[in-house]
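Peer 1: Next come the chains, spelled out residue by residue.
There are 2 protein chains.
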Amino acid sequence: MLLYNSAVSGNCYKVRLLLAQLGVGYETMDVSVVDRSNRAELLGELNPGLRVPTLVLDDGRPLAESNAILWYFGDGTSYLSDDPYERAQTLQWMFFEQYSHEPFIAVVRFWLRYAGTPELFADQIPAKTKGGYAALDGLERGLLGREFLVGGRYSIADISLYAYTHVAHEGDFDLAPYPMIRAWIDRVASQPLHVTIDA
Amino acid sequence: MLLYNSAVSGNCYKVRLLLAQLGVGYETMDVSVVDRSNRAELLGELNPGLRVPTLVLDDGRPLAESNAILWYFGDGTSYLSDDPYERAQTLQWMFFEQYSHEPFIAVVRFWLRYAGTPELFADQIPAKTKGGYAALDGLERGLLGREFLVGGRYSIADISLYAYTHVAHEGDFDLAPYPMIRAWIDRVASQPLHVTIDA
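Chains as they are written, first to last, in this note's numbering: chain A, 1 to 199; chain B, 1 to 199.
Think of the hints as simulated: they come from the structure by calculation, not from any bench.
Some hints here could point you the wrong way.
Stretches of chain B that chain A covers, calculated by requiring three or more beta carbons in the stretch to come under 8 Å of a beta carbon on chain A [as the list claims (entries may be wrong)]:
# : region
1 : 63–75
2 : 94–100
3 : 134–148
Predicted, not measured: the structure shown is a model, and the values here were computed from it.
Backbone N, C-alpha and C fix where the C-beta goes; we use that ideal spot for every residue, glycine too.
When you get a sec, could you build the whole thing from the sequences and use the hints?
Peer 2: So this is what it looks like as structure tokens:
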């Protein structure tokens with residue numbers, strides 16, 4: 001199995017974290033998240049979105065979108081509930097992550113720490129930062145009275161939201177006002193077979 | 001069952017379309033997509049994302065995010081495959097829709113036709129329009145040689161992508177250069193029990 005990967009991408013980290021916890025082996029090919037000029041050549045046949053992570057399964061079939069990959073490998077394991085409502089809640093959180101969370105928190109982090117030209121994005125950062133805090137507000141509300149996001153146990157919903165939340169400080173987000181989130185980050189990081197984003 | 005709904009939202013239309021095709025009844029409560037000042041009061045207990053559609057099931061449990069709702073009702077019906085790989089492909093397209101398609105095509109449509117103040121967004125429209133065409137390019141590539149997005153038959157993946165693609169012209173997107181998309185739009189609209197967005 002081959003993972004088109006970026007070491008700094010939280011979306012790729014989600015896949016690496018679940019596969020580590022499942023004990024599934026794979027090879028990686030590193031793809032730049034800064035110079036995207038070769039994306040169509042590299043990924044055009046594999047992923048209409050031309051994004052990483054893109055995975056090529058052992059039988060050659062491609063699969064893309066980090067949360068779809070989490071679902072494919074998580075289904076049938078302890079990392080995804082069998083209950084229809086909890087499964088829908090898991091997807092609810094993962095769609096929240098891709099629509100309301102990642103486009104703000106991941107993007108500001110990328111601009112400030114990885115793009116190499118933060119000054120080019122200075123005028124866009126306030127609006128994206130505001131959106132990121134709205135996402136953190138939503139996550140904090142969702143964690144109120146809960147140890148994990150769905151069904152009282154660690155699942156692919158937690159992996160999905162953890163990926164960029166735990167590095168939000170790299171986008172200058174301050175998690176001090178979010179006690180539920182901070183305690184949950186510690187719980188996720190203490191799960192068996194956890195690997196860090198820079199492992 | 002109660003659907004917090006907006007008549008003009010493509011995300012809400014996805015849910016209305018699938019429920020119509022499944023013959024599932026529900027009531028609606030209309031929520032403004034322009035004046036969002038009462039969102040926390042209205043949806044705070046139901047949906048951390050404070051967005052429509054939000055659905056309250058017959059037993060009182062809430063469910064949000066359009067594509068998560070499609071999955072919940074589609075699973076076990078002819079609108080969602082039983083095959084693990086095709087199910088993952090279905091999710092891949094739905095995550096593509098929420099990350100790479102809706103934030104561009106739906107947003108430009110909203111600004112131009114529904115927000116009431118298109119001039120406020122004039123400077124942001126070129127970048128969003130470019131992103132929308134990139135999404136249409138991805139969808140066109142994905143439909144090449146295919147009648148429907150996944151597994152050769154109409155599914156919730158098609159419902160998800162159809163919702164905003166078929167009204168992309170309201171965001172001044174020109175579908176003339178996309179023959180695969182135009183033929184697919186006609187196929188989706190001719191499915192049994194189809195309802196239009198303004199039904």
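Peer 1: Compare the structure with the hints numbered earlier in the document and write down the numbers of the violated ones, lowest to highest.
Peer 2: No hint contradicted; all consistent.
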